[in-house]
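Undergrad: Protein sequences, first through last, are from chains V and F.
Positions in the first sequence are counted from 1; adding 2 to them yields this note's numbering.
For the record, in the second sequence the residue sitting at position 1 is -18 according to this note's numbering, with numbers rising by one throughout.
Hints are not guaranteed to be accurate.
With a straight-line cut-off of 30 Å between C-alpha atoms, the simulated DSS-like cross-links for lysine-lysine are [claimed, not checked]:
1. F/Lys77 <-> F/Lys43
2. F/Lys77 <-> F/Lys224
3. V/Lys437 <-> F/Lys126
4. F/Lys43 <-> V/Lys272
5. V/Lys205 <-> V/Lys437
6. F/Lys224 <-> F/Lys11
7. F/Lys77 <-> F/Lys126
8. V/Lys115 <-> V/Lys190
9. F/Lys205 <-> F/Lys224
10. F/Lys222 <-> F/Lys43
11. V/Lys157 <-> F/Lys205
12. V/Lys437 <-> F/Lys77
What follows is a list of derived Cβ distance ranges for each label pair [unchecked claim]:
13. F/Glu(-11) <-> V/Trp275: 44 to 50 Å
14. F/Ser41 <-> V/Arg433: 54 to 60 Å
15. F/Pro104 <-> V/Thr251: 32 to 38 Å
If you're looking for bench data, these hints aren't it; they were derived computationally from the structure.
Remember, it's a predicted structure, so these values are computed and weren't measured experimentally.
Every residue, glycine too, gets a C-beta built ideally from N, C-alpha and C.
Chain by chain, the residues:
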Amino acid sequence: MKRPKKSKFDSRPTIDRLVALRPRVAAFLLDWASWGYIAYGVMYLLNKYWYLRYVNFYGRLTLPTWGWPIVILATLELTLLSHAFAQTIGLSLFGLRLLGPDLRRIPFSQRLKRYGALHAFLLAQPIAPFLRRPIGELLHDGNPTGRMHLVAKVKDDMPPEPPEKVWLTYRGLFLTGLLGLTFWLGWKITTINLGMLVERIGKSGHIWNDLFTPHFTYLTNFVNERGHLYSITYHMMETIFMAFFATVTGAIVAFPLSFLGARNIMGFNKFGWLIYSIMRLLFNVFRSIESILMAVLFAVWVGFGNPFAGAMALFFHTIAALGKLYSEQVEGIDPGPLEAIATTGARRWQVVVYGVIPQIIPSYLAFTLYRWDINIRMATIIALVGGGGIGTLLFYFKNEVGRLEDAWNQVGAIIVSIVVVVWLLDYISARVREKIG
Amino acid sequence: MDELIRVEHLTKVYERGEVLALNDISFTVKRGEFLVLIGLSGSGKSTLLRCINRLIEPTSGKILFDGLDVTGASARQLRQLRRRMAMIFQQFNLVKRSSVLTNVLSGRLGYVRPAASAIHRFPKEDIESAIANLERVGIPEQAYKRADELSGGQQQRVGIARALMQTPDLLMADEPVSALDPATAHSVMQYLELMNREDGVTVIASLHFLSLARRYGTRILALKDGEIVFEGLPAEIDKEKFKEIYGEEAEEVEVR
Chain V
3 MKRPKKSKFD SRPTIDRLVA LRPRVAAFLL DWASWGYIAY GVMYLLNKYW YLRYVNFYGR
63 LTLPTWGWPI VILATLELTL LSHAFAQTIG LSLFGLRLLG PDLRRIPFSQ RLKRYGALHA
123 FLLAQPIAPF LRRPIGELLH DGNPTGRMHL VAKVKDDMPP EPPEKVWLTY RGLFLTGLLG
183 LTFWLGWKIT TINLGMLVER IGKSGHIWND LFTPHFTYLT NFVNERGHLY SITYHMMETI
243 FMAFFATVTG AIVAFPLSFL GARNIMGFNK FGWLIYSIMR LLFNVFRSIE SILMAVLFAV
303 WVGFGNPFAG AMALFFHTIA ALGKLYSEQV EGIDPGPLEA IATTGARRWQ VVVYGVIPQI
363 IPSYLAFTLY RWDINIRMAT IIALVGGGGI GTLLFYFKNE VGRLEDAWNQ VGAIIVSIVV
423 VVWLLDYISA RVREKIG
Chain F
-18 MDELIRVEHL TKVYERGEVL ALNDISFTVK RGEFLVLIGL SGSGKSTLLR CINRLIEPTS
42 GKILFDGLDV TGASARQLRQ LRRRMAMIFQ QFNLVKRSSV LTNVLSGRLG YVRPAASAIH
102 RFPKEDIESA IANLERVGIP EQAYKRADEL SGGQQQRVGI ARALMQTPDL LMADEPVSAL
162 DPATAHSVMQ YLELMNREDG VTVIASLHFL SLARRYGTRI LALKDGEIVF EGLPAEIDKE
222 KFKEIYGEEA EEVEVR
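One chain only, chain F, in its complex shape:
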């Protein structure tokens, strides 16, 4: 297994408020891993994920994706890199007034001819694969509904289908199940697991519940105040480690 992502001395300072969100973080992610980020709210999980595809510009440090420099990439290079790293979000981030199919197809925007996309024209095979991907996440019958007519779990599955359209090497999930109930959370996580196992997509997911992290992660990275406080296998997190990551007063909550 070779490495897909190498992060070196990544630092992010938010200028407004002078918050040190990430403090000199280094780690690598191997191809095919299911890496779970854990940590309290504000520990820098979202910032870290967004730095990897430069939705947020890192202050300093270096990120290599499949040996290519992300931090130094030009706008054009960055677009080509972003095609290979998909992302799903806590709030799903679908365009609510567009149809489910359009939302899924927008995953192809980095690949299609730009002139055709300006008038919402997509190649036939893209439309077919969009339907196929909706079938994969189990909601083909919703394709022509407006995105905001769907339930939360269904919306997140549309988000996954959109990510699948990119045929990504890496899938980043920013608290993908925080807005969902426990049962739906598991079904969404299982789709991520499926992508990871069947398609060999490397997954980095930030999760709130340790039980979910233990169940789905092959490796865990814990952040606290912008620094890595734990890196290892899920089984290695015991009571002490837990207190270290989440603070003394924390109690573990299970999601089944």
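Just chain V, same shape as in the assembly:
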């Protein structure tokens, strides 16, 4: 049997090589992406100011068919250039340093060679599968790590980089440029126009006037044309209880779930890890869906304007948000007492009851109260999508603008009541949290 010829330079299996290559590829792609972002930003701004011809009627950036490959190649070239000559952001972010095989700073002439080598490396990629030796070795120039290995993973025994003024390095300048570009693009894309604020102040003047002279006519009751009874007090109670219900039930459900989502409790075997991962995924997914989006669903389900819809939406979001916060608390506890209780021959859940719960109760209470604050504020606007509560009244009067003489004054009254109630409840919960903490 013919044995495959063993490479003299590197006998690591291919998978290992690929794994070792991973941070370098990631760094490369990141740097390429940032150059691409710069290219996009520059073209966008050119479009805004000089109306270049490769911008279509809607202000979108278009390029002729040959333009795109050119942009891609140009950014690629810039990436290669920066990768050969500078410690780029991508390299820094993935813990790589541009060093020679002797772990020294690379002189300019060698960097130039490296620039060429990078080209050869990329150009050779299409034929790489047909080569017997890895391309890195083909570029080998007398040192065992090969030219393609001039980027090194940062280790403890490396010579430290001399301290530099970070704003004078390539990295610092590039980062500053990126931030500047982003700020400029943000300004343009969100069409910020400070002049407009001043210009139009007169047009909204009467609204401000009305808002600040609130009419509390419907503080206790009000019947609309369909015969529905409304009042600020009633809807405020609805709001407070909606938030209260969602917080209490959400906390009760999140409490046991938080142990399932804590690494130090569940990390005892593979099965535990599985449950932990699922719980964390669920928390993250449900937390990222804002409660107002969930309210849309529940409003359709149980009826538009029904506070039950808002309560359900807040309930689900509370479970996810508190579950995450709680389980992070569980992960942050002192492991010593758990060890001590396990030593007595206690069961796993007894360790939780005697070792974990006493440690987390204060922060659980604080987080629950904090969540109650958030839920109150959320409950005031959840009516925007039919979730019920004080918002129902707010948006009712806002829509009456033009038909009702004092609509803005009514809105003002509702806003004032919201501010008073939210401030009061915030204050109380802050005081309680102080006491606990």
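With chain V fixed as given, assemble chain F onto it according to the hints.
TA: For chain F alone, kept in the frame of chain V given last:
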């Protein structure tokens, strides 16, 4: 005197960092002994103690406790074995926000009916013996205080009371007095000695100070880089042995 613990070829490798913490260690502990482990920080004392009750899973080797296999025990068997080996810790490891009494009672968790313990109910005789044990370590008046209101020495005594609740055959003490001042250290060590002499509890304690080891130990086991470098009576440790265990530059410090 028959043997209580037999450790055979115990090896522990920490996978992260690939550290060889214990390297093929074998020894036996007889019933009623006061065995002191000495050695530098990182020599494997804590790892050894935690392997005996499997707070840390040994990589290989065998541990027999009173003739029962610890290393091969199922979760249920391990719980029953752990009831008989109590442990006290350098950082006391009390649940700080719970009362002293609850901390002491948690020593009974392996014995009580689990359903009752879920709602913090303990049998009357357990509560009585908890108070009695607090009296034994001299702090009965602290029973209803929160554990973190106590001083370090008092906390360690609560730890001892918790261990006493297990009515153990073996008491392991992982640097029990390292966080205490010399005077308190002696009083805590004396309680351990009392347990050893009066109750016949076998004690394995790791200590930093050789003077304490000499004063309290009936036998000494010295570890260095995960291996046993000395095993014998306290009096046998002379200057040379000391240098071998602690390195050339070490100077002996006395705790009185």
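Undergrad: All the hints need checking, so say for each whether the structure fits it.
TA: Do the hints match the structure? See the list:
The hinted pair formed by F/Lys77 and F/Lys43 fails the criterion: a straight-line CA distance of about 35 Å is larger than 30 Å. Straight-line distance between C-alpha atoms of F/Lys77 and F/Lys224 comes to about 40 Å, which puts the hinted pair past the 30 Å bound. For the given pair, V/Lys437 sits about 19 Å from F/Lys126 by alpha-carbon distance, which is consistent with the 30 Å threshold. Our distance criterion of 30 Å between C-alpha atoms is met by F/Lys43 and V/Lys272, whose separation comes to about 25 Å.
Taking the CA atoms of V/Lys205 and V/Lys437, the gap is about 48 Å. The hint is violated against a cut of 30 Å. The suggested pairing of F/Lys224 with F/Lys11 holds, with an alpha-carbon distance near 28 Å, which does not exceed 30 Å. About 10 Å separates the Cα atoms of F/Lys77 and F/Lys126, which keeps this hinted pair within 30 Å; it holds. Simply put, V/Lys115 and V/Lys190 have alpha-carbon atoms about 41 Å apart, too far for the 30 Å limit, and the pair is violated.
Annotation: proposed proximity of F/Lys205 to F/Lys224 holds, straight-line Cα distance about 11 Å (limit 30 Å). A C-alpha spacing of about 28 Å is found between F/Lys222 and F/Lys43, which places the hinted pair at or below 30 Å, so the restraint holds. Distance restraint check for V/Lys157 and F/Lys205: the Cα-Cα separation of roughly 28 Å lies within the 30 Å cut-off, and the hinted pair is therefore satisfied. For the hint pairing V/Lys437 with F/Lys77, the CA-to-CA distance comes to about 18 Å; that is within 30 Å, so the pair holds.
Checked against the hint of 44 to 50 Å, the pair F/Glu(-11) and V/Trp275 fails, with Cβ atoms roughly 32 Å apart. Distance hint for F/Ser41 and V/Arg433: a CB-CB separation of about 58 Å, consistent with the stated range 54 to 60 Å. For the pair F/Pro104 and V/Thr251, the supplied restraint of 32 to 38 Å holds, since their beta-carbon distance comes to about 35 Å.
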